[in-house]
Amino acid sequence: MSFILLHFNYVAVAILMMAGLFVVVSSSNLIKRMIGLAIFQTSTGLLYISLGKVSSGTAAITVDAASPEKQALANHLDPAYVAQYGVAGVVYSNPLPHVLILTAIVVGVATLAVGLAIAVRVREAFGSVEADEIEVLSRLESAQAGSQA
Amino acid sequence: MLLAAGAAGLLVAMTITIARAIMGPSHYDRILAVNSFGTKTVLLLSVIGFVFGRPAFLDIAIIYAPINFVTTIALMKFFRYRSLAQPLGLSAGEETLDD
Amino acid sequence: MTDMLSLIGGVCVVAGTALSLIGAAGLLRFPDVYTRIHAASITDTGGASLVLLGLCLIAGLSLTALKLAFVWFSIMLTTPVAANALANAAFGSGHRPRIGAFQIMRTDERRKTSRGTEAP
Amino acid sequence: MISFETLYAAAPALTAHAPVLMVAGPLIAACVAALSPTARTSWMISVTGSMFAAWMALAITGEVARHGAVDYYIGGFAPPLGIAFYIDGLGAMMALLVSSAGVMASIYSGHSLAAEVRAEKHTHVQAAFLLCQAGLLGLVSTGDAFNAFVFLEVSSIGAYALVAIGEKRDRRALPAAFNYLIMGTIGATLYVIGIGFLYAATGTLNMADLSARLATLGDSSVVQAGFAFIVVGLGIKAAMFPLHGWLPGAYSFGPSLIVIFLAATATKTSIYLMARFIFDVFPDGAAFGRNFIAWVLAPLAATAAIVCSIQATFEREIRRILAFSSVAQVGLILLGLSLATILGASAGLFYLMAHALMKMTLFMAVGGLAISLPARRLDDFAGVARDAPWSATAFAAGALSLAGAPLTLGFLAKWRLLEAALNAGQIWIAATVAIASLLTLLYVGRMLEAIFFRSAPAGAPRAVEAPVGVLAPVLVLAGLNIWFGLDASLPEQLAGAGAKALLAGAP
Amino acid sequence: MIALPSSLNANLVIGIALLVMLLVVAGAIVRTRSLLAAIILFSIYSLVSAVWLVVMDAADVAFTEAVIGAGVSTIVLLGAILLTRGEVEKPGWRALVAPALVCAGVGGLLIYAAAGLPALGDPASPANAHVGRAYLEAAPKEIGAPNIVTAVLASYRGFDTLGETAVIFAAGIGVALMLGFGPHASPLPPAATIGDHHVVLRVSAKFLIPLIALFALYVQFHGDLGAGGGFQAGVIMAAAIILHALVFGLRDTMMAVPPRLVRSIAALGVLLYAGVGVACMLNGGAFLDYDYLFPPAFEKQVPGWLLGDPEHAHHWGQHFGILLIELGVLLTVAATMLTIFYGFAGRTVEAIRQERGA
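Protein chains in written order, with the working numbering: chain A, 497 to 645; chain B, 173 to 271; chain C, 570 to 689; chain D, 844 to 1350; chain E, 79 to 436.
In case anyone wonders, no lab produced these hints; they're calculated from the structure. Predicted, not measured: the structure shown is a model, and the values here were computed from it. In this text, a Cβ means the ideal position worked out from N, Cα and C, and glycines have one as well. Among the clues, some could well be false.
As the list claims (entries may be wrong) - Covered stretches of chain E (chain B as the covering partner; in silico rule of three or more C-beta atoms under 8 angstroms from a C-beta of chain B): (1) 91-104; (2) 196-203; (3) 298-312; (4) 338-346; (5) 361-367.
Just need the whole structure built from these sequences, with the hints factored in.
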C-alpha cells in the first residue's frame, strides 16, 4: 500500500505524459496539438519535482535559526532525522530540480508561442488548421508542379 | 487541524468547480468556473502556506488574483469583441474596426 | 490569548471553506449562467473574506497579515468586477436568464440548454 | 600572412576564455544584430560574430591538440555543482565544423537573403541565425547534460522560426516548420525525461560525474529507461531512420541561409551528443548499450542508408533529393560509429565532416541558382550549366564528392568506412556501404544529367549566374571538396583525435 | 535506523488529491472537441499543477507556473484561436492505432522505470543526497542569498539561465518574424466611442495596473530573499501592460509602449546578462563569476554601510551580480511576453480588416 502511495506520483506523471503525447500525435488540429505538447512538457516538470521532494522538507528558502518559523518547522520531527538530513536544523527539499524545471517551463512557453505563431500563419496561407487538409493541399501543389512540365 | 479541514474542504470545492468547467454547457459557465476556481486556488495557497508552516508563500496567492482577473477579461473580450485589441466599452466591436 | 485567537481563526477558516463549498454546490446545481454567477461570486468573496480573516487572526500582527490583507483587497477588487463583466458579456451575447424578470427564452431553446448541448 | 600561430599568440587573455567566448560571442552578436538599424549592418554583425566564434574554435582546437582536453568552469564553480565546459578532440572537431559552417552561411546570406525575405526582417533573421549558431556551439562544448538541453532548444527555436519564413517563396514551408517544431520538441522533451531518470539514479548532471557514477551503479530499470529516452529523443533530432519525418520538409522549404547551416550541422550535433552518451557517459560494458548498438542502431542505420537512397532516386524536387540523401548519409555515419572501434569511429566522424562539407556545397549551389530561378523541380534546372557555369561546376564538385568519385573527399570517406567495416569483420556493413554508394550514384547521376546534359525547354525561365558574394563561398567549399580529396590530413587528424576521445579504452 | 516521518501525512494526501484532479482535467482536455474548452481546462490544469508544486515545496516553480500557465499561455492560446477562427476541432481522430502504440510504448517504459525509482520524499535517494544537498550546504556560505533556488539559478547554474533568456529572446524574434512585421502591424484603427458599458472595469483596472507593476518590482527585488525573481517579475510586468491593452485598447498601449522599443528591450536584456558575464571575465574571473564583478581596487572603496551585514559583506559581488542578471532577465522576459502579445493581438485587427476587404 505504502509502495503504491509513494510511487503514485510517477505513475500519474506517466499517464499525464501519455495523455499529452496522445493529443500531439493523434489530433489533426494544430492548436490542439500545441496544447498537447504543452501538457507533455509540463508533465516532465512534475517528474523532476517529484524526484526532489524530501519528506517533511520545506522549500529551499533558508529560515533564520532564531525565527519562530524554524521552531514550527522542526518541532514535530524526529531530531535524529533532522540532524541527518537537515541543514542547520531544518530539512529542505532539493533545490536543483526546481532550478531545472524553471528553465524547462520557460522553454515550454517559448515553444508554445512560436508554434502557435506558425499555426496562425498556416491558417492564413492554407485557410485551415487541420493537418489532413493542409497535407492534401500541399500534395496537390507538389503534384501540380509536376504535371505542368 | 482546523486548517487541514479547511484545506480539504477547499479541495472538494475545487473538484466541484472542475466538474462545472468540464460539463460547460456554455463557454460562460466555463469562464465562471475558471474564475471561481482561481479564487479558491488563492485561498488554498494561503491556507496550505499555514498548514506547512511557511506563510511566506503568500506571494504566489497575492499575484494569482490579478493574473486570474487578466485571464478572465481576456476570455470575456474573446466572446464579446472577437478581438484582444479593442478597447473595452465599445459595443459589439464589428463596426469599430473601420477607420 | 494567542491560542484563543488561533482557535477563532481556525473556526473562521472552516466557516469560510463551508461557504465556498456551498457556493460550489450552487455552481454545480443552479440552472443557468446567471444564477451560477450569483452563487459562485457571492460565496467566493464571502468565503475568501472569512478564510483570510481567520488566517490573519492566526498570523497575528505581522508582514504576513499585511500580505493577507493585500490578497483580500485584490480578491475583493477583481472577483465582483469579473462577475459583473461576465454577466454583461453573457447577456450581450444573447443568453437570457431562465428564471426571473428577463425570462423571454423560447421553450425549444430552453430544452436545448437543459440537455447540455454546447451553446454557440 | 596571418597564420594560426600569430592569431593564437595575439590574444592569450582571450584564448584562456575561448570556450565560453565561442558561445557568448554569437549570442552577444545576436542581440547587437537585433538592435542594428539596417539589413546591411545586421549582416556585417552576423559575419563578424560567426568569424569570432570560428577564431575561438580554432584557438581551442590548437589548445586541445597541444595539451589535451580543455575544461572551463563557468562562474568559477567546479563541477558537479557548477556548469563546466569540457572540450576534447571530438568537441573541438564539432566546434570547428559548426563555426566554420556558420561563417560560410553568414557570408552567403548577404545576397541570398535579399531574394528570400523582406528587408525589414533581416535584422531579426540574422539575430535568430546567430542564436541558432550559439546554441549549437554551446551544445558541443558543454559538459553538463541539462545545459546541453538548454542549448539544443536555443538553436532549435531559432531554427523553427527561420524555416517558417521560407513561406515567402513557398507556403509549404509553414506546415514543414510546424512539423519540425512538433517533432523537435518531442525529441527534446524525451531527452529531458531521460536526463531526469539519470539524475534520479545518480544525483548529478555533469557528464563526467554521471559516467563515473553510472559505472559503479550497474544495470537498473531506471538507467535503462534513461538510456532509451535519451537515444530516442536525440534520434529524432538527428533524423535517425524511422524518426526522420521532419527533415525533408524543413530542408526543402526553408530559406537557404538556414538550410545550408542546418544541413551541415543540425543533425551532426545531435549525432555528436548521442555518441557522447552511448560511448562516453554510459559504462563501456553496459549490456543494454552493446545490444542497442548491435541490434537497433546498426540495422536501422543500414536501412536508412538504403531505403532513403532509393527514395531520393524517385524524388522530383531537387532539394528533396538532397534532403533524403541527408537521411541516408546520417545512416552511413551511424554505421561507422556503430562499429565501436577506433577505426570505425574515426571513419564515421570523417564521413560526418565530409558529408557536412558536400551537403553545404550542394545546398549553397542550388540556393545560388534559385536566386534567379525560383524553381524546385529537377526538370526546371535543365541546362542551367550553360547559363550559370560556375554554380553548376560547384554543384558538380559537391555531387561527385557525394557520389564518391575518386579524387574527392567523398571517395576517401566511403573508402575509410569500407576499410573500417572490413577490419572489424562486419561484412554486411561493408556491403551496405557499397550498395548505398551505388544508389547514390543513381540520384547524383540524375541531377548531373539534368543540369549538364539536358537543354532547357524553349521559353522556360533562364537562370542567371549567382552574384559574387554568393558564388565565392560556394566555390571555396567546392574547392575544399577536391582539396581534401587530395590531401586529407586535416580532417583525418580531427577525426582521429575525435575517435580517440570518444573511445578512450576501446581497441 | 532513523525513523522517517510517517508516510501518510497531510502533504502526501493533498499531493495525491491534486494529482488526481490533474489526471481528470487532462482526460477532459483529451476528450473535448471544443478548442475553447480545452484552453480553459488547460488554464485550470496549470493552476492545479501550481498548487501541487507548492505542496511539493517548489515555490519558485509554482510562481512561474501560475503566471505563465494560467496567465500568458491562456492569452496566447486565445489569440491563436481568434486568428485561426476554429473553435471546434474537426470530428474524428486521424488514426488511432499508431498514436496509441507510440503512447503505450512511452508509457510502458515510464512505468517500467517508475517501479525502480526511489519512493517519493526519500531523503537518501541519489537525487537528493548528492549535488542537491551540496547546494543546500554550500550556497548560504558561497552566495549568501537566502533563496537557494535563486542562488543556484543565478550563480551556480547561471549559464543555464543565460541560455533560458536566449530561448525566450529567440521566441520573441520568432513570433515577431511570423506575426509582428505585417504592413499594419503597429498603427491601429482609431477607436470610436460608442455606449460605454464597462465603467466598473475601467476604474478598477486603473487601480490594478500600477498595483500589479509595483508587485512585479517587489517580486524582482525580493527574489533572493523569497520566492520569485526576474523571470516571474517579467511576466507580471507584462501582465500589467497586457491588462492595459485589454481594457483600454491595443492602440493606446502601443502608443505608450511601442513595439519597436519592446523588441529592442528584449535584446538589451540578454546583452545586459551576457555583459555581466564578460565584465566578470575582464576583471580576472571566469565568465559569470560574480565575485569578480567589480575590480578589487574598486571594492576597497565601497563604504561600509553599503555592504550592510558584515557577515555577508564578502558576498556583495554575488549579490549585485544576481541583481543585475535578474534585471536582464526581467527586461527580456517582459519585453518578449509583450512582443508575443502584440503579435497575436495586433494580428487580429489585421485579420478582420483583411476579411472585410476581401
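Results of checking the hints against the structure:
1. Note: the region 91-104 of chain E has 6 residues with beta-carbon separation from chain B under 8 angstroms; the three-residue rule is met and the coverage holds.
2. Coverage of the region 196-203 of chain E by chain B is violated. Counting CB-CB distances below 8 angstroms, 0 residues qualify, and the rule asks for three or more.
3. Counting residues of the region 298-312 of chain E whose CB falls under 8 angstroms from any CB of chain B gives 5; the rule of at least 3 is met.
4. With a threshold of 8 angstroms between beta carbons, the proposed coverage of the region 338-346 of chain E by chain B is violated, since 0 of its residues qualify and at least three are required.
5. Residues of the region 361-367 of chain E lying with their CB closer than 8 angstroms to a CB of chain B number 0, which falls below the three-residue condition for coverage.
Of the numbered hints stated above, those contradicted by the structure are hints 2, 4 and 5, listed in ascending order.
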